[in-house]
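2 protein chains.
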Amino acid sequence: MSFQPPRRVLMGPGPSDVSERVLSALARPTIGHLDPAFVGFMDELKDLLRFAFATKNELTFPVSGPGTAGMETCIMNLVEPGDEVVVAVNGVFGGRLSEMTERVGGKAIRVTEAWGRPVDPGKIQNALKQHPAARLVAFVHGETSTGAKSDALELVKIIHEHGALALVDCVTTLGGCPLEIDAWQIDAAYSGSQKCLSAPPGLSPVTFGPNAIKRIEARRTPVPSWFLDLRLVMAYWGGAKRTYHHTAPINALYGLHEALLILKEEGREQSWDRHQRHHLALAKGLETLGLSLFVEDSARLPQLNAVSVPPGVDEALVRKRLLDEHGLEIGAGLGELAGRIWRVGLMGHSARVENVVNFLDSLGKVLGKATEPASEAARKVLS
Amino acid sequence: MSFQPPRRVLMGPGPSDVSERVLSALARPTIGHLDPAFVGFMDELKDLLRFAFATKNELTFPVSGPGTAGMETCIMNLVEPGDEVVVAVNGVFGGRLSEMTERVGGKAIRVTEAWGRPVDPGKIQNALKQHPAARLVAFVHGETSTGAKSDALELVKIIHEHGALALVDCVTTLGGCPLEIDAWQIDAAYSGSQKCLSAPPGLSPVTFGPNAIKRIEARRTPVPSWFLDLRLVMAYWGGAKRTYHHTAPINALYGLHEALLILKEEGREQSWDRHQRHHLALAKGLETLGLSLFVEDSARLPQLNAVSVPPGVDEALVRKRLLDEHGLEIGAGLGELAGRIWRVGLMGHSARVENVVNFLDSLGKVLGKATEPASEAARKVLS
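These protein sequences, in sequence, are chains A and B. For what it's worth, numbering that gives the first Met the number 0 labels the leading residue of the first sequence as 0, then goes sequentially. For what it's worth, numbering that gives the first Met the number 0 labels the leading residue of the second sequence as 0, then goes sequentially.
So here's chain A without its partners, still in its complex pose:
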């Protein structure tokens, strides 16, 4: 029988709600990946990605796989066996970067931080002093597992002072908070389609600056993956002649293109502002409900709010009731934060006043609290 998904409001760590406009773009007729009409479409899509990333980088395109494939594209192409790589680990995704580094024969120098805290620039500096041969530093801009945002601009400065390249995970931050690839001189970055861009999951925008490209061109060893080898992929996505590498996911790309158009129509800064305002409203409402955010004020990701589970509350039951009774999806804690936090996303199309109010009402009801003061407080912030 055909699958009819239940109606949900997606306020977890992603996927976020996909608008009708993007959904209907997905359903446009499939055309060939070498069709001349598709070649023009690809150029537009790359331009829109450059807008989202705030970059002029020529090598900017969506990897044909989820964010994890984008992450691995970066690691596989930028790391060679024996390379020392400083990896900041303050959550699940920093850990994943470190594991990918080791799998391709790199030596991961892990700079750890308590989960929920931003990456400490001083510790990165120390690691680079102790490991002067390190040629790459990888860190996560917004840790989706904890809701903590790190100071990417400051970190990149330190990394460059030590002559290393900066690889930045922007999966959750792209489109949802300030991020400027060129102004901040980020050398390489990857993101995902299903967070603040609000396209369906399955694509991973990536961008590479001139120094990252030089590094890739100077490789002494082949990239272990044929699928993710940038030199091969770019024969299709770049240049004048589109040489077949793999068959591009046509309809998914229609969706991403439409989602990026929506971002461009709204404006990059306007979208950042919208996320921030709805975050502040949500935070106010949560406070009114007697709940607190897990991450300190200065490092909070507006688009992903880690809420501390109050003592004595069955966190899984709360999530189940929100889903079953209110059609509302929020996320559980991952790894060492399992059972300790809820992750409440306000990403892209999900960052709307009706979602903030609806969530506060629903959560209040499930927790057996008076709901009006909370939604009132949230509305006031947004008015």
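Source of the hints: derived by calculation from the structure; they are not laboratory data. These numbers come from a predicted model, not from an experiment. Each statement offered as a hint is correct.
Each pair may be met inside one copy or between any two copies, as identical chains are not told apart.
In silico BS3-like cross-links for lysine-lysine, where the CA-CA straight-line distance does not exceed 30 Å:
hint, residue 1, residue 2
1, Lys156, Lys45
2, Lys319, Lys45
3, Lys319, Lys240
4, Lys283, Lys364
5, Lys364, Lys240
Given the coordinates of chain A, assemble chain B onto it according to the supplied hints.
Below, chain B without anything else, positioned relative to chain A:
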């Protein structure tokens, strides 16, 4: 501006035409990859894939990437550094298998065959005699680059007599001609969503039998890719507890599910028959137009017809005119067959009488021939 794709009839080497029913499935609301409703959907999808592959293999699921990602999933998980792997190369995709093998440190023993010819079982037997340590043989069931089908049943028998495992590329064959994973004892196989299943490109169904799983479980080295590591992926796709690995491409999976339902409603054997009948009709019509197929009769893939370009004909101009004047996409030759063949697909939803007739009419016009006798001849085969 929103992208509005031109109307095309897709009769190239894939993607094939996607039906309205599958397109509309893509546009259903996105839900979370850990939603309980999605978990049930995943089980159904795996069952439908088992039906398509004719297998009971538990480890059967769609890789979150195009066919190339499925190919690499198989090679990366089944090959370890130093392993000898016999790879049959009779077209582009056999060559790709060989290259992937080398990239992960395997030693590819290439058994070559002229493009357009099926893999020679005798040569595979000789290679296995000369390389008794070879633990895996990889070959392409239907070479999309040439239109040649190899005798998979015969090849697997020989491979097993020598104690090796058989990895089979079924990208173009799944759903379009006889293929039975269990009855033929194929150990591992991968396919693509965009050929005879007629879903959009971007997903790669894979299946692994018990001996392939034993091989993977006995690995001494980690899989170089974290994204494609089956032991990690299966924590999400298999077992009772769906542990997050990467965010599944929700909407693309809706489309694949719907496409597989359509295959199940028609019947596996009925679909194979339909492809064969339309192929025979096309072949008859081409013959009437004075054209000939590149592959010998006994090895022709019904779903992908390599047509020899007649002397003196500008093959690229013919394709351009078919596209511009008739909205009809066919494929060019790849590699050493560039300029020598056209590749005419009759895959999945594209394998319909109106497409056969329309193509013969359009091609006849472009070549300046009388078109009625050809479409008449084709219709007669199908009546």
